[in-house]
Structures are given as C-alpha cells and as structure tokens.
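S.K.: Spelled out, the chains give:
Protein chains: 2
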Amino acid sequence: MKHRVLALAGGVGGAKLAAGLAHLLEDKLAVLVNTGDDFEHLGLHVSPDLDTVVYTLAGLANPATGWGLAGESWAFMEQVEKLGGETWFRLGDRDLATHAIRTDRLRRGERLSAVTAQFCQKLGIAATVLPMTDDRVRTVVHSGVDDMPFQDYFVRRKCAPEVTGLSFEGADEATIVAGLDAVLGAGVEGGIEAVIVCPSNPWLSIAPILALPGLRERIAATGAPVIAVSPIVGGKAIKGPAAKIMRELGTKPSALGVARHYAGFLDGFVIDRLDASQADDIAALGMTVRVAQTVMSTPSDRVALARECLAFAAALTAAKTGSDQVPR
Amino acid sequence: MKHRVLALAGGVGGAKLAAGLAHLLEDKLAVLVNTGDDFEHLGLHVSPDLDTVVYTLAGLANPATGWGLAGESWAFMEQVEKLGGETWFRLGDRDLATHAIRTDRLRRGERLSAVTAQFCQKLGIAATVLPMTDDRVRTVVHSGVDDMPFQDYFVRRKCAPEVTGLSFEGADEATIVAGLDAVLGAGVEGGIEAVIVCPSNPWLSIAPILALPGLRERIAATGAPVIAVSPIVGGKAIKGPAAKIMRELGTKPSALGVARHYAGFLDGFVIDRLDASQADDIAALGMTVRVAQTVMSTPSDRVALARECLAFAAALTAAKTGSDQVPR
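Top line first, the protein sequences correspond to chains X and W. Residue numbers for the first sequence follow this note's numbering, beginning at 1 and rising by one. Residue numbers for the second sequence follow this note's numbering, beginning at 1 and rising by one.
In isolation and in its complexed conformation, chain X is listed as follows:
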C-alpha cells in the first residue's frame, strides 16, 4: 500500500493540519476533502475547501485570509464591479485560473477528482488530494426563516442567520470518489495506519463527507484507528462559526460537545491543553483522549500537531494489538 494515512478535511484549520501531515508523510498522505460547499459563481465551478487544501499543501495559500492565494491581485473583481456583476464572493486574478480551467474541464466531461489530481501534479503536491465525491453534493443551511446554499450563508450573509439544521443535497445518491479505494486498501495487511479527522468544522466541513453512503463503513473496515482533533479550544472556534452553530443547535461549544457529536466514529480524540479538564468526560464516551497543543499559528505548529496525531494513532494501534490480540 502506498498511503499510510487518510485525513478528512474541510477549510482552513483542516488544511493546516493536512499540510503538517504532508510535511511528514509526503506521498504517503491522502486527504479526502469536503465538496459540499462547492458552488457556481459567475458561471464558474468554485470548490472553496478543495482549493484551500490544494493551495495550502502547495505553500501558496494566503496566510492572512486562510483562503485564496498569497500575493493575489484583484483587477478582475474591480472590473466585475464596473460592469455591474456580483461582487459578494471575491475571486482573485490568479485564483480564477483554477476556477476557469476546472469549469472548462468539468464541462468537457472530466471528473473533479481528475482535474484536482492534475492541479496537484502541476503545483508539485506529493500527497493525494481527493474531493469526497465526483458527484454533486450541496450543503444547505436551514434557519428558522429560510434555506440557504452554503456560500450564501457563509460569505454573503457572513454566518449571521441562526442555524436550525443542515442538509447535504445529493449526498444520499453520491458515490464516494473512486480514488479512495486505492488509499484505503480495506482489510489489506499493511494497509492504512490511521484516519485523522482534521480540526475542520464538524457540522459544515466533516459532516458532508461522513454523509456519503458507506463512508463510515469503509473507514471502519480498514481497522485503522480513527482520531479527530477538536476544532473547539477553550469553548471557541479557532476560525469560523463552529461555536456559534453549536450553540444554535443546542449544544454548549466545547471539545466535549464535539466529542459527543463524533461518538461512535472515533477511537481517539485530541483536545487542547486548555480543555484538559474535559478529558474524563470525553473518555467516558468511549474514546481515548490525548491532550496536546492544538492551535496552529506557525508552520512548525502544524508539523508538531501532525506528529502528535501520528504518535497517538500508533499508540492506539499498539494498545489494540496488545490487549485484543486481534490481527490487523
């Protein structure tokens, strides 16, 4: 088997840990990325999470915004404004190349996964980046008042509406991206060693991935430990509306709340030192807890957290083999 680790990722936080893992694992890493926030804008197929992961792994991401490309220019947007086009979603001049080429190739019948693989090859990314599916899945945000496409909620309305629920249109009929077979090598001796759920928003970024029929089962069948890193630290989200959504959905924003959300899926959960007092309550949910420094402010933070995750997964595997004597 080529790949040692599968990471599940959405946007900025997820991309950072994926970059840390890629630094350690290079082509032994595969990242399965949310496409529920994909949308069409100005006729272009935009894949925000996928692009954030690709740009971050390529070392091209804008460190200030977390999305888009570093050193981006905005001549296109200025002209769109002059021509009376929509400007609420900003597309940089360089970023546009990704969207235009992708849109063109998709219209010619290429699969999103194939287009993404070409981009990764061109940008020198050794890791395998897989959109979760080549089918169309669209995250819809429900509020008490109306239902919104995800980017309407996230960008146009700046996460202001109260979220009463989420749905993933098309997920029930979507097929998991074909490339995952080669990554998981289900049941094969020496197969994948760990599945790592990155600190992306569990409701907006990870839930669409886990909504794909058969994905949880495919992951479980590998026998590899499944661990997640809490995106909530000290009761707050590092970035984005995760804490706000937890409150709106009736859960106190905390690492424990995230652990409850993931209960049954995870073998291990990484929480920040700030949240160490929640370790016993989380362990009571049936998962092993590891306390670590999880906030990634610098590139070396990403690598340190990635190393922590790999060590944690190895420890879980060792404990399982030692206690259960179940051959993997």
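Watch out, some of these pointers could steer you wrong.
As the list claims (entries may be wrong) - When the alpha-carbon atoms are kept at most 25 Å apart in a straight line, the in silico PhoX-like pairs for lysine-lysine are as follows:
{"no.": "1", "chain 1": "X", "residue 1": "K236", "chain 2": "X", "residue 2": "K158"}
{"no.": "2", "chain 1": "W", "residue 1": "K82", "chain 2": "X", "residue 2": "K122"}
{"no.": "3", "chain 1": "X", "residue 1": "K158", "chain 2": "X", "residue 2": "K244"}
{"no.": "4", "chain 1": "X", "residue 1": "K82", "chain 2": "W", "residue 2": "K82"}
{"no.": "5", "chain 1": "X", "residue 1": "K252", "chain 2": "X", "residue 2": "K158"}
{"no.": "6", "chain 1": "X", "residue 1": "K28", "chain 2": "X", "residue 2": "K320"}
FYI, nobody ran anything at the bench for these hints, they're computed from the structure.
Based on the hints, put chain W in the right spot on chain X.
M.R.: Below, chain W alone, put in the same frame as chain X:
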C-alpha cells in the same frame, strides 16, 4: 427615429471609425458588430470583435494592441500556464470580467444583445452596440488542408494557413438581432441617413454580417446611402490579413479589389489618397468614389474620417434626391 447612422464593424479598424462616428453622433449611432469570430475558450464565451468595439467606444481599448483593455494585467494567464491550461489565446485580468459575466448571463438564458447593452450602459457608451445576431454563427476558415475555427486561424496559427474559402456556420438559420428594427425604421420618413461599412476585413469581419439572411434587403429598404471605407491602402491592409487573404483568394490586394467584392451593395466607396488613381475603375463598378485620408493614427483622424463619411453620405442623398426626385 433616434438613430441617424448604422455602422457595420468588425475588429480594430472598424472600431476606430465607429469611435469617430460616436464622437460626432453620440446616441444617434448604432453599430452592428460581427460575432462570427466569437468562440468558447476556457469555458468562457469570448466575443473579440464585440469587445473591441465596446472597449474602443468606452475609451478603454489598449492603443498598442488594438484589442483588450489599456493597462491590463496578466496574473490570470500566468496562473493558467502554471496549472497547465491553454495559453495561446490571452485573456487579461480585467477583460476576463467581461467574459465571465457574459458567459454566466448567456447560460442563464439572457441574449447576447441584452448583455452587451448592459455593458455599454455601465461603461457610459451612448451609441447602440448590437451584435449582428443573438444566434450562434461561427466563421470557419478553409485551407487546402483543413477547416479551422476562426480563432484557431487568426490567433493560434497567426493567419499562416493559406485561405481557400470561408464559411459562416449557422448564418443561414440565424436571425438578425432584434434591436436592428428600431435602428433601421425601414421606410420611415426621417429614418436612418447612412449605412457605413467600416474599414474592417471584408471577408472576415463584414462578410459574416452580410451573410445573415435578409440583412442586405433590410439595409436596401431604408433607402439610405450605403458607403464603405476601404481597409486596403496602397495595396496593404492597415492591420490584419486582409491583403494576404485577397491574394490567396485570387485577387490583387487593392481598393479596387475591395470595391469589386462590395459591388452591388455600395452606393459610395471611400478610398485613400494613395489609391486615387483607382477612382475611375471603381466608379465604373457603379458606385461613387470619395478620396480621403483614411489611415487613423490618432483620435482626431478617427473623427475626421467619420466627418468625411457623413458628408459623403449627405452628398449622395442630396444627389439622389436632386436627380431622381424620389421622396425618401
């Protein structure tokens, strides 16, 4: 009737005279523009002639190239190249806004003429700019060896192939743009005063317009004098492959050759001073000849040639009214 003059135009040379006419006529000018060179590139609907006319009328055209926008930047193209996309047709960052908005609106079912009108309004263009049709017409260049879409010939292969013929796919079934009715006001007292064929390539830019079923008849029915400005001066094209194509099609490149091509359609023909010796032979084709300074190097050249054309048309009308006593 609002409009006094209809101009037929293709690319750079045509756009320059159209700008001169617009300077004099403001909202009394309508320009009917070739769309046979429209094509899809990177999934975008590109309308090169239409954009050249719009940008030139808006005072935004790049004076060095004749196409595209002045002060353009190229970040998009640089990134397209990095991502392995096609780079033979160059789209500037600002220019892209036109293509992206147009493509999006066309896909939503808007007509090209409506999108163009919106652009003109946003860019402060008083003249009416009409794509020749809202239907799909595509110029195909035939060589002895193969048939090429126009932009393949014009940009990718830099007009190198020998042209053995041209065809305008879809022209036979295309409907003249609806907005032309309001411009022509056929047969109405005080209707259009002149139809001016700008010095665009007769085979590549004007022929597709005249290939639309009924267009020649519609123009003739107005009773207005039809005049053209020769794009060939001193046996050479000011810009582009007109002279080369004339040779390849078996005609010596000259103002006379262009006049022969237009014979039966024109009442008057404007030739450059350099070509004054051809005046008698051209007049023998049944059209009135006017000798003028036709090369437009400066903005005031454009206005001077426009003024010359308007005076010529007025003289033709006066002569016709005086001699025939036919009420218009």
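S.K.: Against each hint, give a clear statement of whether it holds in the structure.
M.R.: Do the hints match the structure? See the list:
1. X:K236 with X:K158: With Cα atoms ~17 Å apart, K236 (chain X) and K158 (chain X) stay inside 25 Å; holds.
2. W:K82 with X:K122: Within the cut-off at roughly 7 Å; holds.
3. X:K158 with X:K244: With Cα atoms ~12 Å apart, K158 (chain X) and K244 (chain X) stay inside 25 Å; holds.
4. X:K82 with W:K82: Not OK: K82 (chain X) and K82 (chain W) at ~28 Å, beyond 25 Å, violated.
5. X:K252 with X:K158: With Cα atoms ~21 Å apart, K252 (chain X) and K158 (chain X) stay inside 25 Å; holds.
6. X:K28 with X:K320: At roughly 23 Å apart (the allowed maximum being 25 Å), K320 (chain X) and K28 (chain X) satisfy the hint.
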